[in-house]
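A.B. asks: Residue strings, one per chain:
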Amino acid sequence: MDLTMSADQRDLRAGLRDYLQGTWTPDRLRAAAETPALDRGDWSGLAGLGVFGLTVPEAAGGMGLGLVDAAIVFEELGRALVPGPLVATFLAAGPVPGADDGGAVVTSLDLRDPVLVAEHLDSATHVVAVGDDGLHLWPAEALVAEPAPAPLDPLTPVSRVKTPPVAGERIGSAADAAGWRLRGAVLTSALQVGVAQGALDLAVRYAGERTQFGRVIGSFQAVKHLLADSLVRVDLARAAVWAAALTVDDPEAGDPGEAASAAKVLADDAASQGGRCCVQVHGGMGFTWEVLAHLYLKRAWLQETCFGQADEHARHLAEAL
Amino acid sequence: MDLRLSDRELAFRDRLRAWLADVLPTLPPPPDRDDWPARRRYDTAWQRLLFEAGYAGVDWPAEHGGLGASPTEQLIFLEETARARAPYVGANFVGLLHAGPTLIVEGTDEQRARHLPRILRGEEVWCQGFSEPDAGSDLASLRTGAVRDGDHYVVNGRKVWTSHAEVADYCELLVRTDPGAPRHQGITWLILPMDTPGVQVRPLRTVVGSSEFSELVLDDVRVPVANRVGAENDGWRVAMVTFSFERGTAFIGDVIESRNILAELAAVARATPGRDGGTLWDDAALRRDAGRLAAEVTGLWALIQKNVSEASAGMIPVQGASVFKLRFTENRQRIADLAAHVLGRAALAMGDPAGGRVVEDRVNTLSFTIAAGTSQIQKNILAERALGLPKEPRWT
Ligand SMILES: Cc1cc2nc3c(=O)[nH]c(=O)nc-3n(C[C@H](O)[C@H](O)[C@H](O)COP(=O)(O)OP(=O)(O)OC[C@H]3O[C@@H](n4cnc5c(N)ncnc54)[C@H](O)[C@@H]3O)c2cc1C
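Heads up: the sequence lines are chains A and B, in that order. In terms of the UniProt record's numbering, the first sequence has 285 at position 285, counting the first letter as 1, and numbering is strictly consecutive. In terms of the UniProt record's numbering, the second sequence has 204 at position 204, counting the first letter as 1, and numbering is strictly consecutive.
Keep in mind the hints are simulated off the structure, nothing from the lab. Where a beta carbon is used, it is the ideal one built from N, C-alpha and C, also for glycine. Treat the hints with caution; some may be incorrect.
The calculated label-pair distances, taken between Cβ atoms and stated as ranges, are [to be verified]: (1) A:GLY179 / B:PRO28: 48 to 54 angstroms; (2) B:VAL318 / A:ALA320: 56 to 62 angstroms; (3) A:ALA167 / B:GLY388: 55 to 61 angstroms; (4) A:GLN21 / B:GLY388: 17 to 23 angstroms; (5) B:GLY388 / A:PRO26: 18 to 24 angstroms; (6) A:GLN309 / B:ARG4: 28 to 34 angstroms; (7) A:ARG170 / B:ARG385: 39 to 45 angstroms; (8) B:HIS341 / A:ASP101: 51 to 57 angstroms.
Take a look, some chain A residues computed to stay more than 10 angstroms from chain B by CB distance [claimed, not checked]: (9) GLY15; (10) ARG28; (11) PRO57; (12) MET63; (13) LEU111; (14) ASP235; (15) LEU266; (16) GLY284.
Chain A on its own, in the form it takes in the complex (with noise of 0.2 angstroms):
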């Protein structure tokens, strides 16, 4: 048993994070936020890293990782806001060419949905529709969806599905397609904890330096406990994505649909609140459009709504008690 990060791990990480440090800079989150189209270079070089093919076997032309490789690096994805459609196109790679080098930007739907919305379906090559009795890919041009004039998070353009498409080609049985439910909730998660964790070192830098009755506002208490308990979110949420992560790879270890449910049910908790923690930490300033703090809060208020919302989860988890 072992729940720390080996050498490698660390490297892959500390690789990725320097990238998306030089990339992801915080005007360029700005300008993405005025103008959201994915630019596809971007897309290449998170491919060029190995984003899209970490779990693909090396005899495919992929890292042969496993996923809680690819938990962390979605953990550093989310933490940058990196905008687009990741999780799907992670999920993609192997069934859709092109997903894993950057080829094809691939979108889903989850048919189980009431309300259909397709995110960044303009920059997508493809969509895969997710239904129970499998996977459906159409080309993206096959859709027919009103893209919404004012997007909640301003990196991720969505698009109302208008008419849902009939037949596609079947690209997955039954179980591929429990299995990229399961995966993307582990995915999400991951992304939801790095956005927490994103939020609150935006907030703790800022505790640290603003000053009102002459001290810092990290020195009250009040402050500092709004940020402990952010801190203490994050953390279970990192412990329990890792988990699901191991638990989906190795089933012997435990139950992988309660592992990623309560994975998502904790790491939504910790990223919607870790944002709203952010914007309260920065006071008026956190109300701006010019903070990035709720960039972060609508992310993870996105992310809700992906691979299962928290309810769902947790009375999926309580049919096991």
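Assemble chain B with the ligand onto chain A, guided by the hints.
C.D. replies: Just chain B with the ligand now, kept in the frame of chain A:
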């Protein structure tokens, strides 16, 4: 990273399981909460059984009579004993988890030889005399004084919240030996034999209704200088060594208990008719709340595994310990609330066969966010040590 146990750890687990399956059915029923002599007998008899089977002091180094088990084996021990509902460490808590480990690191050879084997065999019960009426979270403000008189210290003062004091043989006692020195530099750690003249134990009644802890009144109590652990006026450092043992593994078994209570809650709700037909469990809000608490329990277990892994790698999981304590204690209190809501008016009496255990847990766990560093203090610790925010005002 992986969640698997090694072959050696699996063998350790299987041996322990087999032993527990043999020995647990032979135990007498646990004694009444208020019968302290019987509780001492019960807890120390269990310790003796552990000793005879080679399981005493799992976390103690082998050269001091312990098992020298790895952090993962310690986790297995705590997990398996909790799952099998073996007796809790109980009255042996301070000896096994505080005083013994402190003596191993800081004691003299004589002190070790005198106490360690007896603690392991369940022949010696200890209590902790740190807190005082005016020194709780701010422990370094303690005032119980000790004045040197030849080869003795003469101790005067008061301690409170001393768990197990009624049946303890020894007390790990923090006293002030230099009132003129800066607060942290005038404190000394002493071994106080509880039968020394001048020691008075006054049991305090807790919110549960029983007496879990006492007040100690110390009136011209003479403690041999040979009972000092560490140097005179170096007791704060020694106490920090003691605390470093406290913040490790104390609540692991309780997380398993949290899961058990949730499962019982679900079973009761499934069997209880609802007002509008069906059962209470048909209420989606109840299932959502129970499921969220279950998610936290799962996360807490992962956090334990992470902390234990860090300990195995030679790191000290300080941040992990505070994160765990904060979240575990709050989670358990909310589980007890939810269980009580399910039971409704069946949760109005402690002894009640249906709801008694839940009621008692709901009341008892009020102490979880107070004892061993309150939640507010834990948050201060995290904000300062993990997030690097400015320190709280404190005396120097
Ligand atoms: C069941 C139980 C068993 C115990 N057993 C023992 C024992 O065996 N031996 C022993 O020595 N002690 C024991 N204790 C004592 C325990 O360690 C103290 O109760 C604890 O440290 C808190 O101290 P206090 O009770 O004086 O509360 P206080 O320190 O007076 O705290 C009161 C309130 O103020 C808050 N507060 C205090 N300081 C700060 C601050 N700086 N920032 C923010 N909030 C603050 C606290 O969080 C709390 O809410 C036990 C306590 C309990 C409940």
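A.B. asks: Please go over all the hints and tell whether each is borne out by the structure.
C.D. replies: Tested hints:
For A:GLY179 and B:PRO28, the Cβ-Cβ distance of about 51 angstroms falls inside the hinted range of 48 to 54 angstroms, so the restraint holds. Separated by about 33 angstroms at the C-beta atoms, B:VAL318 and A:ALA320 break the suggested range of 56 to 62 angstroms. Remark: the range hint 55 to 61 angstroms for A:ALA167 to B:GLY388 is upheld by a beta-carbon distance near 57 angstroms. For the pair A:GLN21 and B:GLY388, the supplied restraint of 17 to 23 angstroms holds, since their beta-carbon distance comes to about 20 angstroms.
The hinted range of 18 to 24 angstroms is satisfied by B:GLY388 and A:PRO26, whose Cβ atoms lie roughly 21 angstroms apart. Between A:GLN309 and B:ARG4 the beta carbon distance is about 32 angstroms. The supplied range of 28 to 34 angstroms therefore holds. With their beta carbons about 54 angstroms apart, A:ARG170 and B:ARG385 fall outside the hinted range of 39 to 45 angstroms. Remark: the range hint 51 to 57 angstroms for B:HIS341 to A:ASP101 is upheld by a beta-carbon distance near 54 angstroms.
No Cβ of chain B approaches the Cβ of A:GLY15 within 10 angstroms, the least distance being about 18 angstroms, so the stated non-interface status holds. Against the 10 angstroms criterion, A:ARG28 stays outside the reach of chain B, whose nearest CB is about 26 angstroms from its own CB. No beta-carbon of chain B comes within 10 angstroms of the beta-carbon of A:PRO57; the shortest separation is about 19 angstroms. Distance check on A:MET63: its Cβ is at least 16 angstroms (rounded) from any Cβ of chain B, clearing the 10 angstroms threshold; non-interface status holds.
The claim that A:LEU111 is not at the interface with chain B holds, since no C-beta of that chain comes within 10 angstroms of its own (minimum 22 angstroms). Against chain B, the non-interface label of A:ASP235 is violated: not every CB pair exceeds 10 angstroms, the least being about 5 angstroms. Residue-level check failed: A:LEU266 sits 5 angstroms from the nearest beta carbon of chain B, not beyond 10 angstroms. A:GLY284, annotated as away from the interface, keeps every beta carbon of chain B farther than 10 angstroms; the closest lies near 21 angstroms.
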